[in-house]
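Chemist: Let's have the full structure, built from the sequences with the hints guiding it.
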Amino acid sequence: MTVTLKDVAERAGVSRSAVSRTFTEGASVSVKTRKKVEKAAEELGYSPNALASSLTTGRTKLIGLISNNFHNPLFLQVFDLFTRSLQDRGLRPLLVNLTDETDPANSLRLLRQYSVDGVIVASSTLSPEFSLAFHKARIPVVHSFGKFATAPRVHVVGIDNIECGRMAARTLIARGYQRVAFLGGPAEATSTIDRRTGFFEVINAHETVTATESFATAYSFDAGRAEMLDLIRKDPAEAFFCGDDVVAVGALSALRENGLRVPEDVGIIGLNDMDMSRWQNINLTTIRQPIREIIDSSIDIVMAMLDAPDRHPEARLFACDIIERGTLRPLP
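For the sequence shown, my numbering begins at 796 and goes up steadily by one.
Quick caveat, the hints were computed from the structure, so don't treat them as lab data.
We treat Cβ as the ideally placed atom computed from N, Cα and C, and that holds for glycine.
Take the hints with a grain of salt, since some may be wrong.
With a straight-line cut-off of 25 Å between C-alpha atoms, the simulated BS3-like cross-links for lysine-lysine are [what the hints assert, rightly or not]:
1) Lys827 x Lys801
2) Lys801 x Lys834
3) Lys942 x Lys931
4) Lys931 x Lys856
5) Lys830 x Lys801
6) Lys831 x Lys801
Label-pair distances were calculated between CB atoms; the ranges are [said to hold, decoys possible]:
7) Thr894 x Ser812: 44 to 52 Å
8) Ser910 x Pro1127: 53 to 61 Å
9) Arg965 x Gln1075: 23 to 31 Å
Modeler: Here is the structure:
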């Protein structure tokens, strides 16, 4: 039978309210009473009911973690880090899949049903309107991997995607490539737009370098592969900046299947440095996005907002760096 709060109170010889206070964060209870209650609870195998305690404290400790990119292997890594970090801090993640969702109001209604204390939007492709909907509803929200703004309307934690585009262009130029290409993710995604902007800003400043552009329909292996198969039928560039590692892996598969060697015939650089990128059969040169730092910072902000919900929105940017592997020709 389930051990109840009443059972613990009787074993410890205290009132039920004393037991409740012992397991309520911040509640006042004497050291002597706490020790008696904890000893009785251990003997009986009692664990406080999280849902019941939320009625007392007014907090569920539930943090909605929402995204729309579950087919991207990078987000398995993201969700693993997010869920473990939230749990380590005494919070409970509620994972929500917004794939194909276009109406922010639907996600707001869903998260309200569970009385979440806060929301983390973990996506570089979801419209900023999703995080803004939670902000307007006065639900603490952080947009992780979101678009940077100097005066953000909600808290944003991520990277400078424009600078990442510049980094990729400089890397290709330094290796002597003269016909390069940008192979982005969805054309309407803010991350794609920004990475393209930075890439062409640098390329257009070099008269001897030409560049083309194309877009995968999603940040996925299949979309990257399909787009590269189409490009191979034409005249592929000497090197590609793929706006995401999983798109790059799909492109790599298409090139190899068609007898093109990487990096001897075609060079590739990705972005993210997901775990798969370092596998021996992939060995992708890429731009590392500091995933763990972004996640830790996002959780720091959402926890701070639980006590200060009117905290002024800020944008936190983390620097990226080039990870040299084997899909680009070496520096001359």
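Chemist: Each hint needs a verdict: does it hold in this structure or not?
Modeler: Structure-based check of each hint:
1. Between Lys827 and Lys801 the alpha-carbon distance is near 19 Å, which keeps this suggested pair within the 25 Å criterion.
2. Taken as a hint, the Lys801 and Lys834 pair is honoured in the structure, with Cα atoms around 15 Å apart against an allowance of 25 Å.
3. Only pairs whose Cα atoms come within 25 Å are accepted, and Lys942 paired with Lys931 is accepted, the gap being roughly 18 Å.
4. Simply put, Lys931 and Lys856 have alpha-carbon atoms about 20 Å apart, close enough for the 25 Å limit, and the pair holds.
5. The suggested pairing of Lys830 with Lys801 holds, with an alpha-carbon distance near 17 Å, which does not exceed 25 Å.
6. Taking the CA atoms of Lys831 and Lys801, the gap is near 14 Å; set against the 25 Å cutoff, the hint holds.
7. Evaluation of the 44 to 52 Å hint for Thr894 and Ser812 yields a pass: the beta carbon distance comes to about 46 Å.
8. Here the CB-CB span from Ser910 to Pro1127 is close to 60 Å, well matched to the stated 53 to 61 Å.
9. Between Arg965 and Gln1075 the Cβ separation comes to about 27 Å, which falls inside the hinted range of 23 to 31 Å.
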